[in-house]
Amino acid sequence: MSIDTSKVADTNATTPAKASKPNPIGAAAGWADDRLGLATAMKKQIRKVFPDHWSFMLGEIALWSFIVLLLTGVFLTLWFVPSMGETTYQGSYNQLRGIEMSEAYASSLNISFDVRGGLLMRQMHHWAAMLFVAAMMVHLLRVFFTGAHRKPRELNWVIGCLLLILGTLEGFTGYSLPDDLLSGTGIRAADGFMKASPVIGTYMSFFVFGGEFPGETIIPRLFTVHVLLIPGLLLALVGAHMLLLVYHKHTQWPGPGRTEQNVVGYPLLPIYAAKAGGFFFVIFGVIALMGALLTINPVWKYGPYDPSKVTAGSQPDWYMGWPDGALRIMPGWETHVFGVTISWNVMLPILILPVVMFLLLTILPFIEAWITGDKRDHHILQRPRNAPTRTAFMVSLMTMYGLFWAAGGNDIIAIKLGLSINQITYFMRAAVFIGPAIAFWVTRRWCISLQRHDNDLLLHGYESGIIMRSAEGGYSERHLPISEARSYTLTARGRDEVYVPGSGVDANGVASPKRGVLAVLDKVRGRLSKVMYADNVQKPTREELEEARHHAEHEHTLQAGLDHPAPGHEFDDHALRTAGDVPLRGTASSPSAGSGAHTDDTDQ
Amino acid sequence: MNDHDNNLPAVPEGDEPVPNPGLPPHHWRPTDVDPKAEKRAERQVAAFFGVATVALLGFFVSYFAFQVGDNWDTIAGLGASNLMLGLTLAIAFLCIGIGLIHWARKLMTDQEIVELRHPAASSEEDRSTSVGLVLQGVDDSGIGRRPLVRNSLLGALGLVGLAPIIMLRDLGPLPGDKLLHTIWKPGMRVVRDVVGTPIHVSDLEIGDLVNAEPAAIFELDDEGHHVVEGVELQIAKSKGAVILLRMEPGEITPWKGRENWSVEGIVCFSKICTHVGCPISLNERTKHHLLCPCHQSTFDLADNGKVIFGPAARHLPQLPIEVDDEGYLVAQSDFTEPVGPSFWERDKT
Amino acid sequence: MRLLNRQLNGLAGRVSRHRRRPLAGLLVLLLGLLLTGTVYAAFSPSSATAGAAESDTEQIAKGRQLFLVGCAFCHGQNGEGVRAQRDGNIIGPPLVGVGAAAVDFQVGTGRMPMAQPGAQVKAKAPVYNADEIAALAAYVASLGPGPAIPDAGDYSLEGLSDQEREEAIVRGGQIFLTNCTACHNFEGSGGAMPRGGYAPKIRGVEPRYIYEAMLTGPQSMDVFSNGNLSPDEKRDVIAYLQSLENQPNYGGFGLGGLGPVSEGLAAWLLGIGACVGFAVWIAAHTTRTSKGNVSA
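Residue numbers (full-length UniProt numbering), protein chains in the order written: chain C, 1 to 604; chain G, 1 to 349; chain S, 1 to 296.
Please note that a few of the clues may not be correct.
Unchecked claim - Calculated pairs, DSS-like style, for lysine-lysine (alpha carbon to alpha carbon, straight line, at most 25 Å): (1) Lys151/C x Lys48/C; (2) Lys151/C x Lys44/C; (3) Lys287/G x Lys306/G; (4) Lys348/G x Lys185/G; (5) Lys530/C x Lys151/C; (6) Lys416/C x Lys124/S; (7) Lys287/G x Lys201/S; (8) Lys122/S x Lys287/G; (9) Lys201/S x Lys122/S; (10) Lys416/C x Lys287/G; (11) Lys124/S x Lys201/S; (12) Lys256/G x Lys348/G; (13) Lys291/S x Lys39/G; (14) Lys375/C x Lys249/C; (15) Lys122/S x Lys416/C; (16) Lys36/G x Lys291/S; (17) Lys416/C x Lys201/S; (18) Lys375/C x Lys523/C.
What the hints assert, rightly or not - Footprint (simulated), chain G over chain C, 3 or more residues, beta carbon under 8 Å: (19) 279 to 286; (20) 410 to 423.
The set of hints was computed from the structure by calculation and includes no laboratory data.
Owing to the predicted nature of the structure, the values given are computational and were not obtained by experimental measurement.
Every residue gets a Cβ at the ideal spot worked out from N, C-alpha and C, and that includes glycine.
Please model the entire structure based on the sequences and the hints provided.
What follows is the structure, encoded as structure tokens:
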């Protein structure tokens, strides 16, 4: 059906449209705005402010890897044949010529050997997938360690968790498509996982495989899931994730002039657009470099999948490594009762553990909010040390993840380090429980020590490295105050309040004692709050700071009369950088000596 | 509830120990004050874009210059096509990216600007208006007042939800007893994998391990076509693959009823791991321990395939074998238990 | 004869160069092997050449001398093996009937004499020279019948047509993937075995030793006797392995040929490492100056 649109008015205005300006861009923009009315929205967004910090770009790595995945993936679909139909290979790769294989595998070989650039696209697609999941995890850790998951961003955290699990599934389905020996071994294991599910396991396996394993439908089905279903969901969720980011505006680190009510940074156009756009090209370049130089998944060496073959070093891609590790170190428990078989040895590590971990991850912000009772919006980030228990909790989760992960590579560790695979397994069985506990304790104490260190800096200044000798002959190190800006940055954090059970009030401000389960929960909350906050070091009060300052000034006055008063900058390059007087508590002077690398984040 | 006001940002309280000194003064970059530096940066950015252009030209040349197929050109032992296409593409993209970023860092105004935040929540007024409108709409529809309409709708919607689930039924057939049997039959020869030749008892020395298959999968019909092929072949292999191992007859300690399952020290076991089904053939000749490369379950083949290590819970199924008239190894029967990973109904056999 | 072979090989290489260069490389290699083998056969008295009976006896005597000095402590004065008196554990297994191939493998790859007891004896630089190894092999072979050292002709594709060679390599690949990859990994990088044992890397190992290993099943390895894998099948496996070594690394460096574990490490260390490095650069503050902006 075609309509002659030449006679349809292109404006609904009462006055005729004016001739457009000679500027063609302006004309095009005017044309578009006449129809879409985007100028109003753009007016607000085009100078939107994004704070600048390297850790805020980790999520971008994931985003740009995803774009690379879409681009390379479309290329691959042009040649890939998602079919398990049998064919005799007659392509270019000599070592497999004449072998019976699935069309999926044959087309993977075709892409690798006969399509120019096909191997590069395959390798880039695979590397991008590895980076995509890795970057999502690094981004998740940054968000959690800095407290950016707190109100109002909890839902974005949930979306992020969904993205992580969908990305992992997307990776697994992609890994299974080429139908090489590793792919098939992975699918075979997945069949074993399904069969281990209680009651419905066997049915599930027969439905998924269209009959008995391996059947001939699994690859076409996984293909649809891989190129349509999951990417669609991923795209939608990435969109939602970004929209929420724009709506909430980005978090920022504390610093002079940065408050909960503002966001300080560079405008979207031009700086942020150039930086983010440039970063896309950089990520694409890094992935292309990896695709050019590093072989990944050389399917031609694995050979076509054959259910009677296997290779040493049969591992999934890294993001599936940790459940695989759990599977490896699990003792062989199986229950036979009432004529049914319950395979704990498969169910616990692969069906229950990952789901529990994922759910735990998803609800972390809500658990934290429940314990703290904090209902405020948070836009200023916390340094990891200022939430010792939270930081320690995530470090302990990371330790557990890392140990499971290492267990997933136990055979490679065994041959590379000359260890016994059995000893590694026994060690890991204990380590996955003990390691996280130790990591929790160490990290928590470490954070609290760092908090003390911060307070020392605030109250006594930094260590100047100058040794003073008193009239009595005693020696002491001269401490010099840190700058006002830095003091402010260090103190720009809240005070922690331990929740006392039973102290809750209802909406009318009346104390409402709780009963039954609620009372128990209330007690649990109190205990958790104590664990979370009771040992934390709080920032000094104004009085404490005043007193410390008086003390310092007093000492300075005493020393002013000495033969060699020490302003404290004898040994640094301060004099070279700034001319003129340096007040004792100057705003412009930033301490360069005696301050560790951890202070740099306040400058960003 | 604490005394924190909902939705409002966490305001630094009045007793903040250090007052906010405000944004630090802006310092200029050399490129802002020195026209020479500015020109230099400009040239650098342009150089990056120039290199990218050259690299892209190299990409086009590489595409046509380097052979793929069965006679790849190589550079230092690496596939030239992949290497050069990838390298030129990487250089081009990296240079475009670095150029853009360098441009932003050196030449675009880098004065930080401040934008005010607003609570994520809508105003109280908007909220109550919205709630009012929703309530009005619900009330207007009468969904609360007309239970007949509501309930019949819910019933219909519930069935709608069921429809797609019903439609998934034809994804696959029901399991039936398929997992309980394999292609092995009494008298079927055990043949070498890949080549399909039968195995004579005298062929094997002590310590020999043979990756073997049931003879049926190599069987040809009168016209020279495989009898078992395609999906059936894959299924037959995925359950029927076995390993033969010859050891000193005295080393075997058979369970009751298995005394005659081996032939002159030759035992035959399923190759499919009882854990999640990987094929296993990593055998330690001197100890007869068979290791699964996927999850390291270890089975003792001298002791009926018993699990001695790892996550597997059940012994490896043994195939009873004997010798036929010509001296070749054949199966006495099918496996006496289901092979491969555990499943719920496994014991109901 | 040798000259003729060389010419034939050269011809075959030229004819097929435009179609498959890797095969030409393979041919060169095979030629090298052939020459080595021929030279070896010419100088090594251990092969059963006519009229060498006397030198055989001499060699066995020399081998026995070496054996008594270097091996008898663990394997017994007459190669009968030694067991620990206390627990009956084998210190050195009996060598009667292991054949010359086992000696050539164990001593030629430096595994024997072993440096220290352990879960597995490692390959190292051989202690004995070629003559001494031949003498030792002759002596042990004289203790009882066992597999002999294979001829170069046993594991070369000499005398096959192009078509047959290709088929041999394809078949060898399938046999390799069925029988060998489970322990030695899909490109022969090796793999872990229980309790500290391992299947060694077999990339870059001389074909003769691979052949001997299949024939004799050293240490924990299974035996692939001629009744199990026919000599032709062994030859094909070796041909496949050679073809893998001669093929270009199509996709770039191999990361050790270990599969997804090394790929995952590369993704994290190189990939995420590089990306985060760039992120740090992007957000890092640029140089500042104390000068004021004249135009501002």
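Proposed proximity, Lys523/C with Lys375/C (alpha carbon, max 25 Å): Between Lys375/C and Lys523/C the Cα gap is close to 20 Å, so the pair holds against 25 Å.
Between the alpha carbons of Lys151/C and Lys48/C, is the straight-line distance 25 Å or under?
holds (21 Å)
> Count the residues of the segment 279 to 286 of chain C with a beta-carbon closer than 8 Å to any beta-carbon of chain G: does the count reach three?
Replying inline: holds (count 8)
Margin query: Would the hint linking Lys530/C and Lys151/C be met if the CA-CA limit is 25 Å?
Written below: holds (21 Å)
Practice problem: Measure nothing beyond the straight line between the CA atoms of Lys122/S and Lys287/G; if it is 25 Å or shorter, mark the hint as holding. | Solution: holds (19 Å)
Exercise. Under the criterion that the straight-line Cα-Cα distance not exceed 25 Å, is the pair Lys291/S, Lys39/G satisfied?
Worked result: Holds, at roughly 18 Å.
_Run the distance test for Lys287/G versus Lys306/G: straight-line Cα separation, threshold 25 Å._
Cα-Cα ~13 Å, so holds.
Q.
For Lys287/G and Lys201/S, compute the direct alpha-carbon distance and say whether it is at most 25 Å.
A. Cα-Cα ~21 Å, so holds.
Q.
What's the verdict on Lys416/C and Lys124/S, does the C-alpha distance respect the 25 Å limit or exceed it?
A. Judged against 25 Å, a Cα distance of about 17 Å means the pair holds.
Checklist line | Restraint check for Lys375/C with Lys249/C, where alpha carbons must lie at most 25 Å apart | finding: holds (18 Å)
Lys416/C paired with Lys201/S [C-alpha distance capped at 25 Å]: Roughly 11 Å separates the two Cα atoms, so the pair holds.
Holds or violated: Lys151/C and Lys44/C, Cα atoms, limit 25 Å. holds (24 Å)
In the structure shown, no violation is registered for any of the earlier numbered hints.
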